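Peer 1: Below are the chains, spelled out letter by letter.
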Amino acid sequence: MIKHLKIIDYALASLFRRKYKSLAIITAFTLVVAALASILLFSSALKTEAAHLLDSAPDLIVQRTTGGRHDLIPAEYTEKIKDIAGIGAVTGRYWGYYYDPLTGANYTVQGTDGTAKNLELLDGRLPADRGECAIGAGIAAIKKTGTSGELILVNSSNTGVLYEVVGVFRAASSLLTNDLIILANEEVIDFFGYPPGKATDVAVQVYNKNELQTIAGKVKKLLPDTRPITKSELVRTYDMVFNWRSGLMLTVFSAAVIAFCILAWDKATGISADEKQEIGILKAIGWDTADVLALKFWEGLIIALTSFLLGTIAGFVHVFFLAAFLLAPVIKGWSVVFPEFHLTPHLDPYIVFTLGFLTVTPYVASTIIPAWKTAITDPETVMRG
Amino acid sequence: MRKSKIFIGVTLAEVLLLISCFLFAFTQQTTGRQLELQARQELVQSLGLTDFAIWTEARYTRHPSQTDFFSPFQEFPSAFEHFPAGSVVAPVFTAGGRTR
Amino acid sequence: MQEKTYIRTLNVRKVYNPGKPDEITALHDISVAIDRGRMTVLKGPSGSGKTTLLSAIGCMSRPTAGSILIDNRDVVKLPERFLTDLRRKKFGFIFQQFHLIRNLSVLENILLPLYPTDMMPAEMKKRATAVMTNLAMAGKERLKVKNLSGGEQQRVAIGRALINDPAVIIADEPTAHLDKKLAAEFMQILAGLCEEGRTVVIATHDPFIYEHGLVSKTIAMRDGRLEKEH
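Residue numbers (our numbering), protein chains in the order written: chain X, 24 to 408; chain C, -5 to 94; chain H, -2 to 227.
In isolation and in its complexed conformation, chain X is listed as follows (with noise of 0.2 Å):
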């Protein structure tokens, strides 16, 4: 123990002998792992706050298509799917996109069938008559509008529709919200001229959660022309589309990483003339191979561990303290109504875990083993050159 902590001592010595060079390898290396962490951590995040939101969801969406493209649903359907054993609520859903133009941003209009009651998250009311509405926190910004506000939509008949707004959700629910607009059922219809007695799809609730495979499977027997989305499905299809956009961004990062890579690779292997002689005379004085490769590791480590450390608590605080703005650009795209992320703090051990793996790992062994073959060899032999 005394005799690690004394070579740690050297260690640390030999660091400070090229103290600016070993200053940038750490600097580098920290917003290496830094950004990693960054991205590891916002997109499990992202995938856990799915998870957790989604399952308060209904269990099972059932959508129409027509030709392989999504087709209104008849209200038929909805009585023949309450028949199938082990079902519980069936609810035809009312909504549809809407294209601002004068904003450029698209908002989502979805039906409500007044029955919700008055929600935490929400300043205000939903709408319970004809000429009300309720909108997301985006919404409300970009058209400078409030509770007790007033809305202007352009209806399916190109008419000017007027709403007062009779509630704005809170900014904490903008990841669910953001550009909603509440209506009334009937006032959804009548603005996208929905034929009558079709909805845009139905929200099945199952009793058995185990038995939600094989009630899709007779839903999809008892409707062939019907397309059933289990609850599971949308949380991997979120799963998948938060992993492509962060290896999006890993593999827009991955130049910056093999950048690193071979700097350090650089440094760590071709291990010069005056390394080898520092080799040869610690051996030459009484320095075992072992205790060379101990000086070598503790090297590697001290530099490693110390970008791993302060590169990960770095992510974690960019992503849950500042709300990711480095990663922000890469991860909006484009969105014109773009909510706030107001994300759970998640620190999964299998991300530290694998990070330090990724990092530490490689990082030790590329400075051990170049100056293995150094630390067996005689001294004499190496001093000479």
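Calculated directly from the structure, the hints in this document are not laboratory data. Keep in mind that this is a model prediction, so the values were computed, not measured. Careful, some of the hints might be misleading.
Simulated restraints, written as ranges between beta carbons of each label pair [said to hold, decoys possible]:
id, chain 1, residue 1, chain 2, residue 2, range
1, C, F20, X, L273, 24 to 34 Å
2, H, G147, X, E298, 20 to 30 Å
3, C, A7, X, G240, 52 to 62 Å
4, X, S255, C, F18, 23 to 33 Å
5, H, G147, X, L28, 47 to 57 Å
6, X, T170, C, F18, 27 to 37 Å
Beta carbons are placed, not taken as given, at the ideal position from N, Cα and C, and that holds for glycine.
Using the hints provided, position chains C and H relative to the given structure of chain X.
Peer 2: Leaving out everything else, chains C and H in the frame of chain X:
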């Protein structure tokens, strides 16, 4: 052994900081954000929401469950047709909202 | 009673790059005896093999053939870690170029052989202080060696060689970078070490050394072979 003791001290401090990040995340998940999460879950349940309001310009990200098998031109007017560039690079606007 | 001969080489041969076009035999069947507690000099011109023989005696390289007996123990076939242990405990080296770590302090350089041991830092410091006092280097612990004069650097090199309290001091061309005055001082230090009972072996082509009165035995070498002992 001063240098080694300082290094060990600093490293331990960093490890403690990392552990406190774990603890912070854990407490946020179990207590702090729990109420907020419940409120959001209530929202999802009441309104029957199924999708997040991010990347609203592309159907395959705003409503991934609803994506048609073939959906070029069904996203944002004049958006790039191909994935994933269409969700990363914006189409070009003029001031009047028309696209070039 | 201790035997007079402390180190003995028997038909030691050293070949570099065997079997290759640039193969070179640095030592041809060298048999010498180094007396305990005395100063022995290996003299000869550059390329005579004296540094190679010194390295073999000091367990810094293995001979291609032959035996090396240190206190009657053949060390040639010992595993590397035993040789390292022997080097650390029995030998102190003073290299021609000193081979100090330039950006380390005087104290850090002197303590270098003790880093990979279990000796407590307080004990290490105590030893170093004693060695530095004997070498008139007290008070210069924190100075960087790159800022020292040639003579001071050599004292640091001697200090490093002595820190492990070795039985044998091996010096390779120790006066190559010293003027006459410093060379004389150096010989005085070595004489003191012999008086303490340590064995000193020096490789040199400097007549000031090999003609010095303190030298007990001179072994002349040329082209990897012995010329004569006297």
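Peer 1: Which earlier hints turn out false for this structure, listed by number in ascending order?
Peer 2: 5
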